[in-house]
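Please take these sequences and the hints and turn them into a complete structure.
Here the protein sequences come in this chain order: Z and B.
The first sequence runs 0 to 1163 under numbering that gives the first Met the number 0.
The second sequence runs 0 to 367 under numbering that gives the first Met the number 0.
Accuracy of the hints is not assured; some may be wrong.
Said to hold, decoys possible - Cross-link-like lysine-lysine pairs, in silico, DSSO-like; alpha carbons within 30 Å at most:
#1 Z/Lys1076 / B/Lys344
#2 Z/Lys659 / B/Lys54
#3 Z/Lys579 / B/Lys344
Honestly, the hints are just simulated from the structure, not real lab data.
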Amino acid sequence: MEKSKNRILREGAVIAVGTLITRALGFIREILAAFYFGSGAVYDAFVVAFAVPNLFRGIAGEEMFERAFLPPFKRMRGEGRSETARRFLFSILVISTVVVLLFTLLAFLFAPSLVHFLAPGMKGETFLQALRLSKVLLPFLLLISLASLAGALLLFSGRSLLYGLAPGVANGALILYVFLFQRSQGILSMAVAELLGALASLLFMVPAVMKILRELKREGGGGREPSRAVTRSFREGGHIFCSSLINKGVEVVDRVVASLIGTGAISSLWYSFRITQLPLAILSLSLTRGIAPQLSQMKGEKNRKGFRELVQYGFDLNLFAMVPTTIFFLVFAPDIVALFYRRGAFGQRDVQETALAFFFYAFALLPLGIVTFLGRVYSALEDNKLPLMAALVGGGVNVACKVLLYKTPLRQGGNALATAIGFFLSASILLIALKRYRMPLNGRNVLRSLGRLTVALSLFLPVLLLGRLLISPKAPFLTLALRLGVTAFAAFGLYGLLVYGFLRDRSPGPRRVVLTGGGTGGHVYPSLALWTLLKERGLAQEALFLGIPGRAEEAIVPRSGVPLKFIRSAPLASGSPLQKIGSLFVILQGTLLSLVHIWRFKPHMVVATGGYVSAPVIFAAALLRPVLKLKIIVEEQNLVPGLLNNLASLVADLLLVNFKETAYFLWSNRCVYAGYPVRPEYGRGESRREARAKLGIPEEAFLVLVSGGSLGARTINRRVASSLPSLSGYGNLRIVHSTGLKEDEYYSAFSDTLAQIPPSPLYRRGREEGSLERVDGEPFYQAKPYLHDIIDYQRAADLVISRAGAGSLAEITALGRAAILVPKRGLPGNHQELNAIAVGEQDGAEVLFERRDPLTGEEYLEEGEFLRLVDLLYGDGERRKRLEEGAGRLFYRQASETIASVVGRVLEERSVSTIEESVEPNFVKFQRQFDSLILYLDRIFASKGKENLYCRFYNIQVEEALRSDRFERLNNGIKLAGALRREDLFPVLYENYSRYSGFLRRNTLIALGKSEHYHPEFLKYVKLGMGDNYYEVRREAVSLFRRFHVELSQDQEIRNRVLRLLGQRWESFEVKQEALKAAALFLSQEEYLRLTRPFLASRNIRLREALLESLDRAVRDGRFLDKEPLSLFLKDMLITTSEFKPEFRVRERYLRVVQHLEERATHG
Amino acid sequence: MVELIIRLLQSSGIDYGFFRLINYLTFRALMGMATALLFCFLFGFRFILFLYRKKFRDTSGETLSINAYSKRGTPTAGGLLILSATLFSLILWGSWENRFLHVLVIGYIYLTFVGFLDDFQKTRFKSSLSGLSQMGKTLLLLLFLVPYGLFFLSPWNPVPEVIRTQIFIPFYKHPVLELTPLAFFLFLVFAMFSIINAVNITDGMDGLLGTTSILSIGVYSFFSYIVGNAIAAGHYIFPFIRGSGEIAVFGATLIGGIMGFLWYNTYPAEVFMGDTGSLGIGGALAMMAFFTKQEMLFPLVGGVFLLEIFTSLIQEKVGYRMHRRLVYRAPFHHSLTHRGTAEPKVVIRLVIVAIVLSLLSLLSLKVR
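Next up, the structure:
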């Protein structure tokens, strides 16, 4: 396929040149005819006589053969059935000849009537002349058919040069003959010349045809009579015939409507259309004809992929050829018209009129090109019915628009515009219908072509605009020609240079990749891991890393052997608006630098792992993508993607994610789950024993590795350091602590950690700095700023305490180690906390949440919690093992395979399967709709489920929330206090109740209602609530009463209040609902029935529902036992209803079927 | 288009008696309505299927999967059907030299498109909380309203200069207020913005917006017929606005389209109109109100819409500040459901209210 692109260009060029020559000769012919015969009766007779043969050629000539008869021929040959193809050809030849001869006979017999019909006004000598000439011209029909067949055969057999020149030969012969014999034969010479011309071109093609026939005989293959194919091809021919008829019909309507517009409309339309035809014939049609044979070949070879690519290529060619031409025509419409036509009788006004039509015809260039091209595509698919339909619809719309527009001030422009619209519609139909053949144009490829087009036009347009300023249509001919010519040459030249690169093929060579993504190790390591992976699988050979100075990449990248170049960037997420503007400037600088680096390096792909460092690189890559044909690959390690990666996802060719849930957050919605690319060392395994041997650690030791990432974690460092006395109580415990490299004015990791270690009799300073040994000399604790070979320690450890960044998580799960994760609190999107919860939920690790001191605002780890966890994991080997297994299960082992395969496919421009359903993760739902969290927690407590991560996480949050003075947070805090059953926090609620606003009071009472135990304070608040001025509070107060009615109904006052609420006229029905239910709990049956009698026929259906519910409950609980009065009471109930619950039967059944299917699937 | 064809035929000498029907406004209006209705009948089901297969499904509701009782998964963006029917019918029966028609159609298409963007985002991102942000929607609306306001004050506006910035109220013959151009411009933008949002909010139950908007548009079509007819306008003492009769054709066609849509949208709905439909209808209604200079009639005609937006605003802006509910539920139709009335009943009840209001407004034609 790659090579054939160049071949197509070449063949198209050849045909274009041939067409050009033919047109030029045709033009000369017109001049000659005008010179010799003028425009009197003599030439009139000729034109009339030639009308029918010309029409015949237009409808049943080359178009017919090239679209109906040759595609099956080529297909058969491509299938290897050359003998069948040969027979097919002969059948076509024979049948066509017979048909044409028949036609000729008919024309001969009806010649007089025919001439009369065509020229009703013609009489006498002229009429006879026309008759004579038409009879002379009769053989033309047969000759031209044979010539068309021969020409089409040549085209479809790769002889494009001969094909292109043949019509030129015809014209040349004609010119010669006329020149020689016009004096003796007069107008007859013209007719004979036409015949001779056709004959000449036929003879010109005969040698090649014979050669092709011999080839066919030699190739052999097939052999069955192709009668069905012949019939089918004639049917297709019929379709094409109808399409041509429709087009001719539209032309007629065109003329009719034009005549309605006014004088001059017809001519201006005619003149402008002649010019428009030039680029169509020379550029578009030639390219289309160049491609057509290939299409049929592919069809025969059943090469679907090749076919699709060709269709895409043809579309691209039309796009790239026609769009600039259209723009050129639009900008210079009057000038072009003036150049071609303004002389003699054709004055300035005529120029304007013609330019009007010409302007709008320009819009039809691209649609016409596409319609012609796709027409050939469908012909190759041997479905000409669809183009017929499209022509019908397009023609219909064309006519409709002509009618709509003819009265508008656009006049003939409207007519031309209608043509454009009609063809636009046809083109669209043909494009969309490609889907039926399962080879729609790939949307991304189209967008990419458009992008390249825009880039190419970026130089084209300024040149045109410059020309526009300097050219005037009123200028004299030479000046006009010169300036227009120079402008066109310059504009199209530049354009061509830019485009030529796109349309040719990329040369192979070593694959280069640009890596980016830095700032912290968490971004650099995956970058390098990906590079190693790509190198190993042969997908890339050279790499370049772009980063910023002074960050992790400066330290890490050089060690890996990848060259490192620097750009500039700054974070956008944080900082004041002023800082953000500054950052934007820096990013702009970085983008420019990246542009330079990328252009120099010419990579085939850019791999970005996130962080603000990669932002400029991705922008630059996106800009250069159309020109350099590179692929952008983005890798997101965290569960919640950062802002930058979200933006990048819109331009990326491939998105790799580490968590399936990430698909939910990405703006792009198309990503591949590929796990985390760990360094290859993590895949290969030494065992714990071997690692310990390497490090010199005894087997019986319980090794704890503490690491807060490359920069360190202050909370972890401090907690571990200050807990050392307690930890030293465990005999064989050994700790290796990587404190991190952070050294700034606020925090110096290493020294601060060491300073936190309290003195203790159980250990003393060791020999190395930062080490401690026990009294018996055994090493106990070792602190280091950074561990270069941390993987060995990870392997050797029994327990790892670490942050919950994606990198650390990946390493821990890859090795399958038991871990305590301490997510960093309050990061953008809480991403570490979410990562940790995601892992912890699946039993992959223990999680310890950071708390915040309300007074200082500092984060810390609670000592008791920490020690408890450590103790648990130290003692319970079973649990450790479970965690190790859980962690191991979470690691996506096929990460490398997946990544390699997916990257490979993207490089070959094949599609990849992306994550389909993005399920909203629980914690997102909770954050988005807080009440869903409350429901969830309630469910847990109701089913007595065990306390899980969410409980722990939100338990920390609730105390702070209650102290907040922001309404939202406080509200959430109250709701949480209830949902988490934190009865210990109730006093806080009591204290602040009086200050609370409506919603808060309501939620407080709801929270109290969830309590498991009764508290005496409830009495006070129930009373307060019932007297509240907000109805929801009253409602909840009664509800609270119901919950603890056993204790509360002792109080007379409360009972009275409830009854009073019930009796209130203007009370909200919600309150009354509760009151109804409440009253049934402490009144006797007789009292209750008496009191609630008015509610039997209550207008509000909810009250009736509540009443029934209370009665039902009372009966079931055995409180209302007297059957008679109760039944009588119920009989009086109004049970007509204003509400109902719908039953969607289709849905129900659907769900049932799905459920049964699933059950079957799991049970086999 | 039909008009054009008839003129064409007439100019080439072919003339039939019934061709003169085309001159009658009412004829064109009714035929427009019928065509739009027919269009919906013919293509409605296929269109719904198309939306369903293209995954344009409603994403409201809390559960993430379809359960037996929720509305989730019903195809939305049915406003496209109304748009297609209306446009198709207008191309056939509209008189395209009329400037009112141009502006109405442009505005209607633009607003439908904005609504479509919103629906598109909601369905693509699978959550009813995404979709155009409030700010985005406001900006896009203003992007249309500001030029429209400028157009209204400019000489291109076919409404006569003298009455352009006057305010009329129902039941009263003479203009009540004459505003400065700037004041009127602000008033116009504000009023249209409110109308469009009010209509948008009313689209919350099966068939609610469809039925009520038909009534409102019907009233305004009637008014525009009167206002556009020199004799009738003089007789009823309304300011005569030449050419505004075409608004009646537009209105009738739109009604036809909505009726056709309603065929499928009533309870239980097979398709929703989504923001695509409601923004478009709101815009059309607002434009019609201003073109016929019956802006202040809207509180009467569109009383239901006002009620809905009033309750919504009150609950959201005031209630939230006060940290308590002011009405049971907002918008208003949900309050009715909350009290225990089934959805179809609520719709019909509100329609009854709308009918009464419409009749009252028609009354204001005569009683002045």
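**Request:** Could you tell me which of the numbered hints above are not met by this structure, giving the numbers in increasing order?
**Result:** 3
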